[in-house]
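Now for the letters of each chain:
2 protein chains.
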Amino acid sequence: MDIRIQKIIEGLFCLEDMREVYRGALPTGLSPDEEAALGAKLGELEGLVGEIRAGTGRPRVTQLAGGIALRTREETAINIQPIQAGGRLTPEARKALALWGDGYSVCDACRAPFRLDRITKPPLAAFHEDLAAFVGMDRARVVPGARRGFQAVTSALVGREDWVLLSSLGHYTEYLAVEQAGGSVHEIPADDRRVVTAEAAAERLDTLVRELGKPPALVMCDHFDYRDANEHDVRGVARAAHQYDAPFLYNGAYTVGVMPVDGKALGADFVVGSGHKSMAAPAPSGVLATTDEYAERVFRTTRIAGDLTGRTFGAKEVELLGCTLMGGTVVAMMASFPAVRERTAHWDGEVAKSNYFVDRLLEIEGSACISEYPRKHAVSKVDTTGSFDTVAKTHKRRGFFLQDELSKRGIVGVFAGATRAWKLSTYGLSWRRVEYLADAYQEIAEKYGLAVAGA
Amino acid sequence: MDIRIQKIIEGLFCLEDMREVYRGALPTGLSPDEEAALGAKLGELEGLVGEIRAGTGRPRVTQLAGGIALRTREETAINIQPIQAGGRLTPEARKALALWGDGYSVCDACRAPFRLDRITKPPLAAFHEDLAAFVGMDRARVVPGARRGFQAVTSALVGREDWVLLSSLGHYTEYLAVEQAGGSVHEIPADDRRVVTAEAAAERLDTLVRELGKPPALVMCDHFDYRDANEHDVRGVARAAHQYDAPFLYNGAYTVGVMPVDGKALGADFVVGSGHKSMAAPAPSGVLATTDEYAERVFRTTRIAGDLTGRTFGAKEVELLGCTLMGGTVVAMMASFPAVRERTAHWDGEVAKSNYFVDRLLEIEGSACISEYPRKHAVSKVDTTGSFDTVAKTHKRRGFFLQDELSKRGIVGVFAGATRAWKLSTYGLSWRRVEYLADAYQEIAEKYGLAVAGA
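Chains as they are written, first to last, in our numbering: chain A, 1 to 455; chain B, 1 to 455.
Each hint should be verified, as a subset may be incorrect.
Claimed, not checked - Over the 10 Å line for every Cβ pair with chain B, so calculated as not near, a few chain A residues:
(1) 65
(2) 92
(3) 191
(4) 451
Unchecked claim - Facing chain A, from chain B, some residues (calculated, C-beta under 10 Å):
(5) 108
(6) 118
(7) 181
(8) 202
(9) 318
(10) 322
(11) 323
(12) 336
(13) 393
(14) 394
(15) 430
(16) 448
(17) 452
What the hints contain is simulated information worked out from the structure, not anything from laboratory work.
Yeah, the Cβ is synthetic: ideal placement off N, Cα and C, and Gly gets one too.
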């Protein structure tokens, strides 16, 4: 690791310690002892700046309180972990987190009716409106992860006698949200390309409505699924749902925040997105957006009352349990939002990089792409059973040899030991980094005697 | 504001920008352009360090992306906002947030069975065990806020025909969690001291069980309530609940993380705490702890299966919807934990400071303490209708005069315009700061001609 990265981190820590001196001081100014403490830290910072300038020095801080390591993989390596790429924070989000991280920070200027989405300082109210517009819906709320968005919807719409139709490639949290609400699930089969079609949805719906005697309480489908990142016909599934007047939930965990999403144009009654998966926000965060029609049910306000006191709870929304993300998490999400909105316009470029990498991987003889090809997403599942896994069979490190070789080249995020089917994401990497990544795989292939087309 | 605070913040931002250069670079090192960008930022940082040393300079950054202000109230003022004090981050938490803020950061080394509480790098598994021990229970999970802990319990235990007994001074999210689960609520009355007693709980239970024909599905009580921060007889309420074999949920939003809590000794079947309220953690965070007995119900693993695919979801816990806090939020909570554990041992000192402040306020003639007195908590509700409000009646700024005067003295966090009943917290303030705070109130009183005993 470039020592300057370590020193940049130590600089951040030093400034946090300086900040802490002020947090203990009187508003009238620092005491002599506090001045001395600040001065000592400033001296340390000057030393660190000198070390950064010279590129010298040794690590002084090697872990955080609680035995937590310093996480530097985004600074020292190319991280291709499939679920992490879209949630990497922007520098704006990191700055916001630094200044708004304290517990209930956004509640400084909370006024009646005491609801997160009505706070104007910081501009949460405007952010909520922007979010709704961003996904082409009427109203939006922030939630602690996409799964809590599913839960709000299933809890509001799905009873114990109800059934829900979902994609057989759906995320596990969709199934759990139905289980938690007490409903039952039925699946839309994927075709042999591992894609969910409008026809499959319509056919399955017809059969099930006939069998079960009523339409589903909800239909859900991931636009791109988490297993192969294949694109599914969400518009067609929505249309099939609407044939039976069933509401359609668009799972945009892999789309909202990385590509343009227009919920109403797709026929969505609900759009769910994930902050930490695709909106450059800290976990847990996400968005649940809906139409004016369904907002009345899913964002309904409380009606419960104390039986002795008659207490009621105003404008609090039941399914959200009042406020959701009350501090740095939502402010970081907001701070990333201008960059996130901008980046969705460049989705084609991200898809081009994804295809470039997969093409270069396919040049390694025996490699295959499990995901649909050409790629329409930055996440891909590939199969190197016929290439890297043949090396693993006789290598003393077995499947770990590939990880070792990647690691030497500064590439992290592949599942440890995997040399058969594995996933990666090229999202957000510059062309230079994608080329470096593809070169690295081909170099490793050549080192172990695998044939590489054009090499 | 001391310009050095501004410059410390600008320094943090500068280092984040330097870090970002590495995030776009190849693992082999910086390109000439990147070196130049880093150098420019380093030059800026050197300038900032010089400005901190000299105490000079002008603000260069005045807001964050998305129109978000720089939040500096913890550095520039004494913040007595009642719900924020226990959630103020430790410097350790801020450092952890800086390094682990990226989306799914804790998933780097996630292995089968793919659950947050089993991850060992960072040491989440050990943290979960520590958390359970910390509150004197068998098992613990982190949740996105105390309310999500209530929800997990009500969702698991409370059906549509069920009723729940809760404190009439309970937090609104307890009522909402029951409403969300579809149950009904009945309240334990508070006595004229605004305290919930064991006798009141037992009596109400006897009456209701007779009337409703069955015991409650759950009994909940806040140890200290959010309205007056009075202490309630949670041990006695638990005992009354157990007379009818009803489980007892201890709401420790105002205790877990600030004072010692031994759940089993109190008779709790569930202990719920809030990270952003009392554990120096970012929002949304919290803890839900229970016994081995109830863990089987509330932390049960999924049993749903896909009807076509037969897909099942292993060890995922239904009420938690799988994983909960997957990034910086939980790591910051962990980084604060050693300090949080330590600080609970000094609760008596915090209570002493609270009483000191209230006593000094009561010296201002016409002031009263609405909360039970002497104080047993750092949060207090006071009544200055007979003192500061008499000034407000004729002041041209009305009730805002008090806020103006406090603000001039660097005191923030009082509800804007409030001069009758209002709340504050002295939690975590040094003695020097508490004295300054009390002096400020007495000074303002004297300035406006209010009588101050002993003055």
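Consistency of the hints with the structure:
A Cβ of chain B approaches the Cβ of residue 65 of chain A within 10 Å, the least distance being about 4 Å, so the stated non-interface status is violated. Under the 10 Å C-beta cut-off, the non-interface status given to residue 92 of chain A relative to chain B is violated; the minimum distance is some 4 Å. With a minimum CB-CB distance of about 13 Å to chain B, residue 191 of chain A clears the 10 Å threshold, and the non-interface call stands. No beta-carbon of chain B is positioned within 10 Å of the beta-carbon of residue 451 of chain A; the least distance is around 26 Å.
Interface hint status for residue 108 of chain B: upheld, as the beta-carbon distance to the closest one in chain A is roughly 7 Å, under 10 Å. Proximity of residue 118 of chain B to chain A is violated relative to the hint, the smallest CB-CB distance being about 15 Å (cut-off 10 Å). Using the Cβ-Cβ criterion of 10 Å, the hint placing residue 181 of chain B at the interface with chain A is satisfied: the shortest such distance is roughly 9 Å. The restraint placing residue 202 of chain B at the interface with chain A is violated, with a minimum CB-CB distance near 16 Å, outside the 10 Å limit.
A hinted interface residue such as residue 318 of chain B counts as satisfied when its beta carbon comes closer than 10 Å to some beta carbon of chain A; here the least separation is about 5 Å, so the hint holds. For residue 322 of chain B, the shortest C-beta to C-beta distance to chain A is roughly 6 Å, which falls under 10 Å, so the interface hint holds. For residue 323 of chain B, the interface hint holds, since its Cβ comes within 10 Å of a Cβ in chain A; the closest pair sits about 8 Å apart. The beta carbon of residue 336 of chain B is positioned within 10 Å of a beta carbon in chain A (closest approach about 8 Å), and the interface hint is therefore held.
Hint status for residue 393 of chain B relative to chain A: violated, with the closest Cβ pair at about 23 Å, above 10 Å. Interface hint status for residue 394 of chain B: violated, as the beta-carbon distance to the closest one in chain A is roughly 25 Å, over 10 Å. At a threshold of 10 Å, the smallest CB-CB gap from residue 430 of chain B to chain A is about 6 Å, leaving the interface hint in force. Evaluation of the residue 448 of chain B hint against chain A yields a violated restraint, the C-beta minimum of about 21 Å exceeding 10 Å.
For residue 452 of chain B, the interface hint is violated, since its Cβ never comes within 10 Å of a Cβ in chain A; the closest pair sits about 21 Å apart.
In summary, the numbered hints that this structure violates are 1, 2, 6, 8, 13, 14, 16 and 17.
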